[in-house]
Amino acid sequence: MISVRNISKKFGENYVLDGLSLEIPRGETVVIMGQSGSGKSVLLKIITGLLAADSGEVWFDGTEISHLGTKEVNIIRRKIGMLFQSAALFDSMTVAENVAFMLDQHTDLSKREISKIVDEKLGLVDLDGVQELRPAELSGGMRKRVGLARALACNPEVILYDEPTTGLDPVTCTEINQLIRDLHEKLKVTSVVVTHDMHSAFSVATRMAMIHEGKQIAYGSPEEIINIDNPILQQFVLFGAPDQILNMENPILREYLGR
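Take the sequence shown: its letter number 159 is residue 160 in this note's numbering, and every next letter is one higher.
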């Protein structure tokens, strides 16, 4: 569905991404892990065209998109929904207006049709009766859900999640993880989740990738990831992986845990 090929991006003299390549298969939930500053969020912005790579290519559903013009890129963007780390809601708008924003801007749908879609998408994220509230009246978890409803408004083929559980309490984190799984099953979308939260990563992933110093150093299913004998990867996983992962009969994990 998405193919990132030899992408590099630097700010000043610092390479954030350095020849990164990554395959995101259709219908999978790919979790991208890495330390803060490893380039995870930059990669999402390059995929959506919000940032231009210095070199390399991004392919979306068989089309190379990193060198397209603005009009062509906007067509691709409508196939991608993104949940930003802060939810990025418009404070001056109601919940309904936030969810309807892309529909108002890029479709000819009537107000009644848009209102129906807004209600439908809010229902998908388990939010009812909040249409007239403003972001300041919502909890952090509710704001994330509204942001996700907005990302779903145009029926995207791909959903990008940038640190979806950051700043949330453990109960709300669990609810957001369950919501990501539910949407994957209901909508059959391709999902990309950027996180350094290992509980979230192992909860939602069907595939996982580890980025370190701007390069991909590991890729595979959750079961394959914990069997990769890489000290950087294992240290990252062990500092936050769920107990069911740490307790698996795995010789590599036992070695790192000293068991």
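It cannot be assumed that every hint is accurate.
[To be verified] With beta-carbon atoms standing in for the labels, derived distance ranges: (1) E73 / D183: 31 to 37 Å; (2) T175 / E225: 23 to 29 Å; (3) S93 / S56: 48 to 54 Å; (4) Q236 / H68: 34 to 40 Å; (5) K72 / V172: 39 to 45 Å; (6) D120 / S22: 38 to 44 Å; (7) S111 / N228: 20 to 26 Å; (8) N231 / K46: 22 to 28 Å; (9) K187 / I229: 17 to 23 Å; (10) S93 / E186: 31 to 37 Å; (11) L188 / S93: 46 to 52 Å; (12) N228 / T167: 27 to 33 Å; (13) S93 / S140: 16 to 22 Å.
[Stated by the list, open to error] Listed below are the simulated DSS-like cross-link pairs for lysine-lysine, each with C-alpha atoms no more than 25 Å apart in a straight line: (14) K216 / K189; (15) K72 / K216; (16) K117 / K11; (17) K189 / K46; (18) K80 / K112; (19) K216 / K46; (20) K46 / K11; (21) K216 / K117; (22) K187 / K11; (23) K112 / K46; (24) K72 / K117; (25) K187 / K216.
These are computed hints drawn from the structure, not numbers from a lab. All residues carry an ideal CB built from backbone N, CA and C; glycine is no exception.
Next on the checklist: For the hint 46 to 52 Å, verify it against the beta carbon of L188 and that of S93.
Outcome noted: Violated, at about 30 Å.
Checklist entry - Using the C-beta atoms of Q236 and H68, is the stated range 34 to 40 Å upheld? => result Given a distance of about 38 Å, which is inside 34 to 40 Å, the answer is holds.
Checklist entry - Is K112 within 25 Å of K46, Cα to Cα? => result Not OK: K112 and K46 at ~31 Å, beyond 25 Å, violated.
Checklist entry - When you take the CB atoms of S93 and E186, is the distance between them in 31 to 37 Å? => result At roughly 35 Å between Cβ atoms, E186 and S93 fall inside 31 to 37 Å, so the hint holds.
Item to check | 39 to 45 Å as the expected CB spacing between V172 and K72, which holds or is violated | outcome: The hint (39 to 45 Å, Cβ to Cβ) holds, given that K72 and V172 are roughly 44 Å apart.
Checklist entry - Okay, K187 versus I229 on CB: inside 17 to 23 Å? => result Since the Cβ atoms of K187 and I229 sit about 31 Å apart, the hinted range of 17 to 23 Å is violated.
Checklist entry - Is the hinted pair K189 and K46 satisfied, with a Cα-Cα distance of at most 25 Å? => result holds (23 Å)
Checklist entry - CB of N231 to CB of K46, is that within 22 to 28 Å? => result holds (27 Å)
Checklist entry - At the C-beta level, are S111 and N228 separated by a distance inside 20 to 26 Å? => result Given a distance of about 54 Å, which is not inside 20 to 26 Å, the answer is violated.
Next on the checklist: A range of 48 to 54 Å was offered for this pair. Does it hold for the Cβ distance of S93 and S56?
Outcome noted: violated (39 Å)
Checklist entry - Taking 25 Å as the top limit, are the C-alpha atoms of K216 and K189 close enough? => result Answer violated: K216 to K189 is near 29 Å, above 25 Å.
Checklist entry - Does the Cβ pair S93, S140 satisfy 16 to 22 Å? => result Holds, at about 19 Å.
In this structure, the hints that do not hold are numbers 3, 7, 9, 11, 14, 15, 16, 21, 22, 23, 24 and 25, in rising order.
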